[in-house]
Every structure is written in C-alpha cells, then in structure tokens.
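Trainee: Here's the letter readout for the chains.
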Amino acid sequence: MTINEAQDNIIADFEGLDDWLDKYQLIIDRGMAQKIDPQYKTPQHLIEGCQSKVWIHADYADGKVTYQAESNTEIAGGIAAMLVEILSGHTPREIMDADLYFIDRIGLKEHLSPTRSNGMLAMMKQMKLYAIAFNSVN
Amino acid sequence: MCEGGFNQSYDMLDINKIREDFPILGDTVYNRPLVYLDNAATTQKPRQVVECISQCYYHRNANVHRGVHYLSQEATEAHEQARESVRSFINARSTSEIVFTRGTTESINLVASSFGETLKEGDEVIVSQMEHHSDIVPWQLLASRRGIRLKVWKFDADGVLHVDDLKALLSDRVRLVAVAQASNTLGTVNPIKEIATVVHGAGALLLVDGAQSVPHFPVDVRDLDCDFLAFSGHKIYGPTGIGVLYGKEQVLERMPPYQGGGEMIDHVTFEKTTFNVLPYKFEAGTPDFIGSAALKAALDYVSALGIENVAAYESQLVDYMIGCLAEIPQIRIFGPRQRIGVASFLVGEIHPYDLGTILDHLGIAVRTGHHCAQPTMDAFKVDGMVRASVAVYNTKEEIDTLIESIMRAMRMFH
Ligand SMILES: Cc1ncc(COP(=O)(O)O)c(C=O)c1O
Chain A
1 MTINEAQDNI
11 IADFEGLDDW
21 LDKYQLIIDR
31 GMAQKIDPQY
41 KTPQHLIEGC
51 QSKVWIHADY
61 ADGKVTYQAE
71 SNTEIAGGIA
81 AMLVEILSGH
91 TPREIMDADL
101 YFIDRIGLKE
111 HLSPTRSNGM
121 LAMMKQMKLY
131 AIAFNSVN
Chain B
1 MCEGGFNQSY
11 DMLDINKIRE
21 DFPILGDTVY
31 NRPLVYLDNA
41 ATTQKPRQVV
51 ECISQCYYHR
61 NANVHRGVHY
71 LSQEATEAHE
81 QARESVRSFI
91 NARSTSEIVF
101 TRGTTESINL
111 VASSFGETLK
121 EGDEVIVSQM
131 EHHSDIVPWQ
141 LLASRRGIRL
151 KVWKFDADGV
161 LHVDDLKALL
171 SDRVRLVAVA
181 QASNTLGTVN
191 PIKEIATVVH
201 GAGALLLVDG
211 AQSVPHFPVD
221 VRDLDCDFLA
231 FSGHKIYGPT
241 GIGVLYGKEQ
251 VLERMPPYQG
261 GGEMIDHVTF
271 EKTTFNVLPY
281 KFEAGTPDFI
291 GSAALKAALD
301 YVSALGIENV
311 AAYESQLVDY
321 MIGCLAEIPQ
331 IRIFGPRQRI
341 GVASFLVGEI
351 HPYDLGTILD
361 HLGIAVRTGH
371 HCAQPTMDAF
381 KVDGMVRASV
391 AVYNTKEEID
401 TLIESIMRAM
411 RMFH
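Protein chains in written order, with this note's numbering: chain A, 1 to 138; chain B, 1 to 414.
One or more of the hints may lead you astray.
[Stated by the list, open to error] Derived Cβ-Cβ restraints for the label pairs, each shown as a range: (1) Ile15(B) with Gln44(A): 47 to 55 Å; (2) Ile132(A) with Asn63(B): 28 to 36 Å; (3) Gln81(B) with Asp29(A): 39 to 47 Å; (4) His414(B) with Met1(A): 27 to 35 Å.
Because the hints were derived from the structure by calculation, they are not lab data. No experiment lies behind these values; they were computed from the predicted model shown. Glycine is no exception: its CB is placed at the ideal position from the N, C-alpha and C atoms.
Could you build all of it, start to finish, from the sequences and the hints given here?
Mentor: Here it is as structure tokens:
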C-alpha cells in the first residue's frame with residue numbers, strides 16, 4: 001500500500017461520519033490501542049505539546065522505516081496512530097516527499113485546537129526528521 | 001437529573017433576565033448552545049459594559065488629568081468616579097488607596113517591585129501553596145533580586161490552609177505574607193481576617209489576591225484589615241486590561257514609585273524629580289480611562305444585582321454542581337466541600353485535555369491543565385485538572401448539561 005492509499009483508507013473511515021463526536025470516537029479508539037515499546041518512553045523520544053505528551057520512535061530495516069508512538073492523551077495518541085499507520089513501511093525518501101493531505105480531508109485541522117494542531121505538526125515534523133536521518137545514512 | 005441541593009424557588013435574582021444582558025450566552029458553538037463554565041478565567045460582559053466602552057470612545061474620549069477642555073474634564077471626572085466606585089465596592093477608606101493597574105498580576109508585581117525595594121537580604125516573604133503563578137513568580141523574582149527568602153505555607157489534603165501552620169512560619173524576619181482569598185483551582189476560601197491578625201501580630205504586611213473573591217462575595221478591606229488587595233476587572237464582568245491594587249494609605253505612602261512617566265510626577269527637572277500624591281504616584285503614563293469607566297459599569301451592574309444575592313445564588317449553584325459531580329463514578333474532586341466558584345476534577349484515567357476537548361465539542365467551555373497553579377497540581381500529584389467555574393448567569397440546567405456531557409464523554413473512553 002502506498003502512503004496515499006493508506007491516507008485514502010483513513011479518509012474513507014471518517015467519510016461516513018457526520019457527527020464530530022463519532023469522528024472523535026474513531027480517533028480515541030485508535031489512541032487507546034496505540035502503544036510504544038516502554039523502553040522508548042524516555043525524554044529523548046518525547047515531543048512536548050502544550051498539554052499532551054507524545055513519544056515517537058522509528059526503526060530502519062531493509063530500506064523501510066517503522067514508527068512507534070504513544071501519548072498520554074487518547075486524542076493525540078489517535079492522531080499519532082494514524083501517522084504511524086500511514087508512514088510505516090515506506091522508504092525514507094517516500095516519507096520525506098509525502099504530502100499528508102488526510103488531515104485536511106478528514107477536517108482534523110479546523111477542529112483541533114491550535115495547541116493540538118501545533119502538537120500534530122510537531123509529530124509530523126519529528127517523523128520526517130527520522131526519515132531524513134535514515135536517508136542520509138544510506 | 002441530579003436531585004437536591006438547589007432551591008428552585010430562589011427568586012432574589014431573575015437569572016433569565018440577567019442572561020439577556022449577555023449576548024454571547026445565546027450563541028452556539030459546534031451547533032450546540034454555549035455553556036460557558038470558564039468564568040474563573042474570565043467572565044462574559046453585559047451590554048451595559050460593552051455599551052459604556054463604545055459610548056466612551058464615541059463621545060467622551062480625551063486624555064485625563066491634562067486638558068483644560070471640556071472633553072478632558074469629562075473623561076477625568078469619569079475616571080475618578082470609577083475610582084470612587086471601586087473604593088465603595090471594597091469599602092476602602094479613601095480613593096487615594098485605589099490604584100488602577102492592568103490586572104491582578106500587575107497589582108502584585110507593583111507591590112513586589114515597590115514594597116520589595118524596602119526589603120533587605122535575609123528578610124522573608126511567605127506565600128501559600130495554593131497561589132496562582134501571579135502570586136508566586138513576582139515573589140521569586142524579588143527573592144533572587146534582593147536575596148530574600150521565600151517560604152511556602154502548605155495546605156492539607158483537602159486543600160485547606162491552617163492558620164497554625166502560618167504561625168509556625170512567622171518570625172520577625174517575615175515582612176509580607178501573600179495569600180489568595182479564594183483559590184482559583186480548589187475554591188477554598190481562606191479566613192483573611194484571622195490571617196491578618198496573625199500576620200500583623202508578627203509585624204508583617206498581608207497581601208490578598210482577590211481575583212477569585214471580589215467577583216463572588218462581598219469583600220470589605222476595612223473589615224479584613226489586609227494591607228493590599230489585588231483583583232482584575234475582567235473576572236467581574238468588566239473589560240480586560242484594567243485591574244485594581246488597593247493598598248492602605250500609610251503603607252502606599254512609604255513605598256517608592258513603581259514605574260516612571262507622566263501622571264506620576266509632581267515636578268521634573270534633570271536634577272531632581274518629585275512625585276505626585278497617591279494614588280497617582282503609582283500610575284505612570286496615560287491610564288486606561290476607558291477601561292476604568294467600563295469597570296465602573298461592571299461594578300454598578302453587580303451592585304444593582306446585589307453582591308450578596310450573587311454570592312447566595314452562586315453558592316447554591318456550586319453546591320449543586322459539587323453534589324452532582326460527586327455522584328459520577330471514579331471522579332476525584334479537588335478541594336474542600338465548602339467552597340466558592342469552581343470545581344476542579346478528574347474522571348477515572350481520562351486525561352483532562354481529552355475530557356475538555358470532548359466537552360468543548362458538546363458546547364461546554366471548561367478549562368483544562370494546570371490553571372496557572374502548578375504547585376497546587378504537584379501537591380495532588382497530577383499534571384492537570386478539568387475546572388468548571390460559575391458566574392451569576394449560569395443555571396442549574398447548564399450544570400445538568402455539564403454532568404450529562406461528562407457521562408457521555410466517559411462512555412467514549414470506555
Ligand atoms: C487567583 C488568581 N490570581 C491571579 C490571577 C491573574 O489574573 P490576571 O491574569 O487578570 O492578572 C488569576 C486569574 O487567572 C487568579 O485566578
């Protein structure tokens with residue numbers, strides 16, 4: 001599956017939902033299921049948002065990046081989970097070039113508070129930074 | 001949905017009529033009626049206040065204390081009438097004791113800077129553990145500037161301060177004690193009168209942070225006998241950007257000026273400048289004379305309702321809110337049962353930010369996070385709380401909506 005196919009799958013999940021609470025339910029469910037290997041729940045892996053904490057780690061093997069993430073809040077965790085799902089299993093170059101349009105298409109951007117969308121941007125940035133680092137190792 | 005605790009026949013105030021004065025309360029957010037329960041952060045403004053602001057700008061705008069012309073005199077009179085309103089609202093002896101500031105924060109900083117200059121190395125200041133950062137950080141800055149020691153008066157497991165603990169901290173090195181009359185997080189009301197007696201007995205001064213008390217019940221500085229009282233206009237239905245520092249005249253007289261500029265001077269030469277009389281000595285630059293007039297409109301509004309009536313009504317509302325919240329499974333409510341204004345809580349394992357986000361989408365405005373009182377969070381070993389805080393325009397039905405919405409949010413987190 002390409003990055004865009006993964007994004008389209010997520011968009012499709014949200015498309016049938018009219019009520020924002022149902023959309024949040026989907027995010028929360030993903031957040032509750034999203035875990036990181038406890039050894040990576042360290043300050044080095046922490047992205048500090050305003051009110052939520054998110055830990056991100058990435059591994060690189062066979063030319064592909066695999067992400068893990070977790071948050072102390074379920075909503076940030078759900079967003080991290082979607083990013084993990086979309087970006088894992090791709091090459092650093094694909095990740096660096098990815099246009100993450102799903103955020104606009106599921107309407108996340110308008111509905112998340114500014115502090116939360118800053119946190120989301122920080123997560124995306126951190127994931128791309130991993131890809132850049134792995135790419136330069138190549 | 002939740003029985004008891006609320007006197008349906010309460011009729012001293014017509015809350016629905018009051019609500020009509022606040023246009024924002026009729027608004028919707030995310031297509032749901034707004035339930036505004038973030039009043040401890042800032043209150044909404046009645047038409048009377050907003051109209052006062054536009055009338056001032058449209059028809060009475062001129063700089064105060066300087067012009068011979070008609071408009072300037074009118075503006076000056078309005079500004080000084082506002083000072084008189086504040087004086088009467090808190091029952092100060094004289095308008096010389098009422099300094100206009102930008103808000104509680106600036107009022108406290110003024111005291112920390114100016115009174116702080118009279119402190120020497122080795123002197124001590126005591127602050128309570130439940131203070132807002134505004135009543136902690138200025139003292140910390142002072143401590144590092146002047147080598148004084150900051151001591152913390154701790155509260156108990158219910159969030160209550162005990163005067164005996166304060167007595168144990170007092171000594172002849174203590175120059176000032178700073179404490180909130182009401183906590184913005186726990187709702188605790190502290191016994192200021194008793195505290196003042198003890199503090200004065202030790203030869204120190206008492207600064208009271210009235211940000212959360214002045215809007216909610218009658219505050220009489222003469223009866224309390226505090227040396228300073230700070231509060232913000234925007235938390236009592238007034239505009240942002242104006243606040244008050246009350247200081248006893250003989251105390252303010254002995255303090256050096258805070259900022260320098262116009263208004264605060266008597267005579268300026270490059271050799272020597274002399275300063276204006278109280279309260280102008282502490283009001284450098286053009287004051288917020290529109291803000292002061294609008295603050296007067298807000299205080300007039302509250303006085304017309306009767307601050308005792310506001311207190312009585314809100315107290316029922318808060319009792320009802322606490323009673324209903326307490327029935328929610330797995331809830332932790334922080335602070336004593338006897339309280340004013342606010343209810344801070346956590347539900348099960350749900351992060352306050354998540355709960356606040358869902359409540360927001362259900363139309364309910366609450367605050368989440370540390371409420372600018374991180375030491376209070378630390379005392380309860382939490383990172384944050386959800387806080388619902390009331391004003392006179394909130395209703396029992398809104399509390400019911402809050403409770404139903406929390407239950408609904410809980411189901412979303414299984
Ligand atoms: C107890 C207390 N003190 C001080 C402040 C600071 O008030 P302001 O931001 O209006 O200066 C607040 C308001 O958040 C408060 O609740």
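Trainee: A separate judgement is required for each hint: does it hold in the structure or not?
Mentor: Hint by hint, here is what the structure shows:
no., hint, result
1, Ile15(B) with Gln44(A): 47 to 55 Å, "holds, 53 Å"
2, Ile132(A) with Asn63(B): 28 to 36 Å, "violated, 57 Å"
3, Gln81(B) with Asp29(A): 39 to 47 Å, "violated, 59 Å"
4, His414(B) with Met1(A): 27 to 35 Å, "holds, 29 Å"
Hints 2 and 3 from the list above are not met by this structure, while the remaining hints are.
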